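Participant: Chain by chain, the residues run as shown.
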Amino acid sequence: MGTMKFALRMLKADFQKNLFYGGSLVFSTAVVFVFFNMTANPNYSGMTDMSRTSFSMVLALVVVVIAMVLAFFANSYYLNSKTKELAIETISGGSVLTLANFLLTQNMVIMLFAIPFGLGLGYLVIPLINMILYPQMGVTAPVWQVYGSGLGYTIVSLVTEMVWLVVIDTGYAYRTEVKDLLEAEHTLQNKEKAAIRIPSVVFLAIYLLPVVLFLVLEVNSDLYLASAFIGLFGISGMLKKVLPGLIMRLEKRYLNHKHRLPALGNLHHLIKQLTILMMTIIFSVTLLVCFMSSYINDFRQLVIIVMSYVVLTILIAVSIVYKVLIEAAKRKKSFLHMKMLGYVTADLKKIIAEELIGLFSIIIILPMIYVGLIFARFCMAGLMDGRFAISISAFYTGVILLSGVLSYFLYVHLVLKGGSR
Amino acid sequence: MEKKKILQAKEVVKIYGSDPKNQVTALDHVSLDVFEGDFITIMGPSGAGKSTFLNNISTIDLPTSGSVKINGTEVRTMGEIEIGRFRYENLGFIFQEFNLLGTLTILENIAVPLTLKNVSRAEIVSRVEAIAKKLEITALLHKFPDECSGGQRQRVAIARALVTNPKLIVADEPTGNLDSKNSYEILKLLKDLNENEGVTIIMVTHDSMIASYSKKLIYIRDGKIDGIIERGDYTQREYFYRIVEINSQESQDLFYEDRHMMEGKE
Chain A
328 MGTMKFALRM
338 LKADFQKNLF
348 YGGSLVFSTA
358 VVFVFFNMTA
368 NPNYSGMTDM
378 SRTSFSMVLA
388 LVVVVIAMVL
398 AFFANSYYLN
408 SKTKELAIET
418 ISGGSVLTLA
428 NFLLTQNMVI
438 MLFAIPFGLG
448 LGYLVIPLIN
458 MILYPQMGVT
468 APVWQVYGSG
478 LGYTIVSLVT
488 EMVWLVVIDT
498 GYAYRTEVKD
508 LLEAEHTLQN
518 KEKAAIRIPS
528 VVFLAIYLLP
538 VVLFLVLEVN
548 SDLYLASAFI
558 GLFGISGMLK
568 KVLPGLIMRL
578 EKRYLNHKHR
588 LPALGNLHHL
598 IKQLTILMMT
608 IIFSVTLLVC
618 FMSSYINDFR
628 QLVIIVMSYV
638 VLTILIAVSI
648 VYKVLIEAAK
658 RKKSFLHMKM
668 LGYVTADLKK
678 IIAEELIGLF
688 SIIIILPMIY
698 VGLIFARFCM
708 AGLMDGRFAI
718 SISAFYTGVI
728 LLSGVLSYFL
738 YVHLVLKGGS
748 R
Chain B
244 MEKKKILQAK
254 EVVKIYGSDP
264 KNQVTALDHV
274 SLDVFEGDFI
284 TIMGPSGAGK
294 STFLNNISTI
304 DLPTSGSVKI
314 NGTEVRTMGE
324 IEIGRFRYEN
334 LGFIFQEFNL
344 LGTLTILENI
354 AVPLTLKNVS
364 RAEIVSRVEA
374 IAKKLEITAL
384 LHKFPDECSG
394 GQRQRVAIAR
404 ALVTNPKLIV
414 ADEPTGNLDS
424 KNSYEILKLL
434 KDLNENEGVT
444 IIMVTHDSMI
454 ASYSKKLIYI
464 RDGKIDGIIE
474 RGDYTQREYF
484 YRIVEINSQE
494 SQDLFYEDRH
504 MMEGKE
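Here the protein sequences come in this chain order: A and B. Just so we're aligned: 636 in this note's numbering is position 309 of the first sequence, and the numbers increase by one with no gaps anywhere. Just so we're aligned: 346 in this note's numbering is position 103 of the second sequence, and the numbers increase by one with no gaps anywhere.
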């Protein structure tokens with residue numbers, strides 16, 4: 328059987344997995360299309376000339392980049408699930424080109440379905456957004472308008488994305504050893520990277536400094552933005568040093584707790600693996616809230632910022648779920664071994680729940696301390712509607728909670744189905 | 244002094260496959276009694292049913308029929324919660340792949356069975372440090388498994404298996420992923436634990452030299468017990484040669500048949 332035939336046959340056999348990956352590509356494509364169309368729409372950008380940029384347009388481009396990052400995360404999860412098939416190809420005599428051909432065939436087929444669906448979905452969403460926002464902005468224009476330049480930029484982005492996915496997949500086929508493909512499970516890396524040793528208390532102080540500044544400074548979005556930037560350095564330290572240190576101390580305290588000990592160990596490891604994603608979402612949310620405060624009276628810009636906030640939150644939350652599942656897949660054997668030691672299914676579910684509650688609590692609390700204070704000061708000064716502030720905060724919290732719940736069910740399904748008694 | 248029976252497996256049958264036309268009988272009415280202080284090795288050709296037998300007598304798998312009693316308790320009738328408690332109270336497992344939890348430190352890994360038993364924190368630390376000292380892994384307690392060598396990890400796995408003072412240690416190819424030097428050190432350790440502390444051990448191995456550290460060999464072929472060798476008064480060397488002989492019996496029979504055929508032609 329040729330490689331392409333084998334690839335297509337395996338595509339049919341793993342329909343559910345491929346559907347999940349395809350769904351992510353559809354969503355990513357739709358986001359890219361919608362946002363590029365918005366940047367080309369003069370009713371939002373306030374310009375007819377795409378060569379001039381406004382702040383919100385830059386923001387829209389950031390959203391596009393994040394959408395493509397989601398596609399890469401989905402591809403990474405997808406590649407992880409292909410190791411056995413790639414191993415069989417390799418030990419059957421397949422070369423790097425054979426493996427690359429195998430991955431590209433599957434990826435191309437999925438993209439050939441996903442991209443048109445994504446564009447179609449985007450085409451349906453564009454008028455919905457326009458129908459909601461045009462009346463608010465006092466604009467009377469056709470809601471079904473698709474701008475050529477927006478579509479053009481979308482296609483260029485998608486082609487770039489496809490090329491990068493080809494490069495990544497070929498690289499994976501080239502550098503991964505047969506042994507690793509066969510074993511599939513990778514060693515959990517625990518080693519700390521060498522770094523300049525800054526005490527944890529310094530990072531905590533830097534994180535808390537903006538809290539003080541938000542309370543003592545006059546209500547000024549530029550000052551708050553500058554304070555938030557300082558705080559971002561503290562957030563980085565919180566995730567890399569303070570929280571891991573706290574978790575290790577808690578592990579010692581809960582040494583005799585059958586659920587909390589393994590849950591904390593898993594959480595410690597998960598934070599290390601998700602640091603970049605967690606920093607991205609916390610940074611994004613905090614900065615976007617500052618921008619909302621800055622442009623609270625400029626409706627056009629505010630619309631783009633809020634939309635960016637909504638889409639970025641969803642995109643990064645989905646990426647976090649993917650990453651959690653990638654890590655969960657590596658732990659399937661560990662959970663099986665825990666069963667052999669005497670843990671029962673209910674214990675393991677509790678361990679997973681405690682781990683994820685810890686993770687998603689951090690993702691909610693770290694930015695919401697800043698966001699809550701910024702919104703509170705603006706509302707108390709009469710510069711912002713309280714309902715707006717509550718909606719923005721509730722949206723983020725709701726999406727993260729939903730991601731946590733979804734992660735729990737998928738994690739449990741992934742690690743606890745099958746196995747020994 | 245009469246020894247206490249730790250495990251009794253009676254007429255154990257294990258059949259895989261629900262379709263009667265496609266069923267595989269992995270174990271065919273196998274019986275075994277294990278007494279306190281025994282050190283038993285199970286050997287056999289690939290696919291003979293060694294690991295299947297070990298899994299079925301150690302609660303990891305459920306026999307299709309037959310009886311398995313550990314310390315007088317029938318394991319087939321236990322529910323999930325009972326089995327879990329039974330494992331951490333009575334059994335210690337050592338595997339070829341060590342099976343340590345990568346997200347916990349060595350100290351925490353060894354402590355896991357004690358956390359299941361609701362032992363206090365102070366006692367956990369004390370017992371873990373004691374077992375670590377015995378197995379010469381005290382320096383590793385604050386490291387993670389991937390920071391340790393294969394031999395060190397297997398010592399940690401043994402420490403975890405022993406920390407609850409189990410009635411029975413179950414070891415499935417415990418030296419399978421180790422080099423010769425580490426393999427013999429591990430076996431010497433298990434032998435010392437058996438002889439000096441009366442720890443009961445059932446071990447699966449394919450290595451005759453490793454098997455010669457035990458006191459009794461069960462040879463399984465095609466899901467049945469095909470031979471039993473007791474070390475008794477044999478030296479380790481003599482016992483080893485008897486193990487080699489039983490292991491190579493099938494091959495020797497082939498040579499005998501070849502010879503017979505040639506004689507017939509002549």
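Hints may be right or wrong, so weigh each one.
[What the hints assert, rightly or not] Cut-off 20 Å, straight-line C-alpha distance, at most; resulting in silico cross-link-like pairs (DMTMM-like, lysine to aspartate or glutamate):
{"id": "1", "chain 1": "B", "residue 1": "K312", "chain 2": "B", "residue 2": "E340"}
{"id": "2", "chain 1": "B", "residue 1": "K459", "chain 2": "B", "residue 2": "E481"}
{"id": "3", "chain 1": "A", "residue 1": "K660", "chain 2": "B", "residue 2": "E323"}
{"id": "4", "chain 1": "A", "residue 1": "K660", "chain 2": "B", "residue 2": "D271"}
{"id": "5", "chain 1": "A", "residue 1": "K660", "chain 2": "B", "residue 2": "E488"}
{"id": "6", "chain 1": "B", "residue 1": "K467", "chain 2": "B", "residue 2": "E488"}
{"id": "7", "chain 1": "A", "residue 1": "K599", "chain 2": "B", "residue 2": "E323"}
{"id": "8", "chain 1": "B", "residue 1": "K459", "chain 2": "B", "residue 2": "E488"}
{"id": "9", "chain 1": "A", "residue 1": "K657", "chain 2": "B", "residue 2": "E325"}
{"id": "10", "chain 1": "A", "residue 1": "K657", "chain 2": "B", "residue 2": "E390"}
{"id": "11", "chain 1": "A", "residue 1": "K677", "chain 2": "B", "residue 2": "E325"}
{"id": "12", "chain 1": "A", "residue 1": "K579", "chain 2": "A", "residue 2": "D712"}
{"id": "13", "chain 1": "B", "residue 1": "K410", "chain 2": "B", "residue 2": "E440"}
[Claimed, not checked] Anything over 10 Å on all C-beta distances counts as not near chain B; from chain A, calculated:
{"id": "14", "residue": "P369"}
{"id": "15", "residue": "Q463"}
{"id": "16", "residue": "I482"}
{"id": "17", "residue": "L582"}
{"id": "18", "residue": "L588"}
{"id": "19", "residue": "D625"}
{"id": "20", "residue": "M665"}
{"id": "21", "residue": "M667"}
{"id": "22", "residue": "L668"}
{"id": "23", "residue": "Y670"}
{"id": "24", "residue": "T724"}
{"id": "25", "residue": "K744"}
These are computed hints drawn from the structure, not numbers from a lab. Note that the structure is a prediction, hence the values are computed from the model and not measured. For each residue, glycine too, the CB sits at the ideal point set by N, CA and C.
Participant: To test your reading of the hints: which numbers does this structure violate?
Facilitator: Result: hints 1, 4, 5, 7, 9, 12, 17, 18, 20, 21, 22, 23 break, sorted rising.
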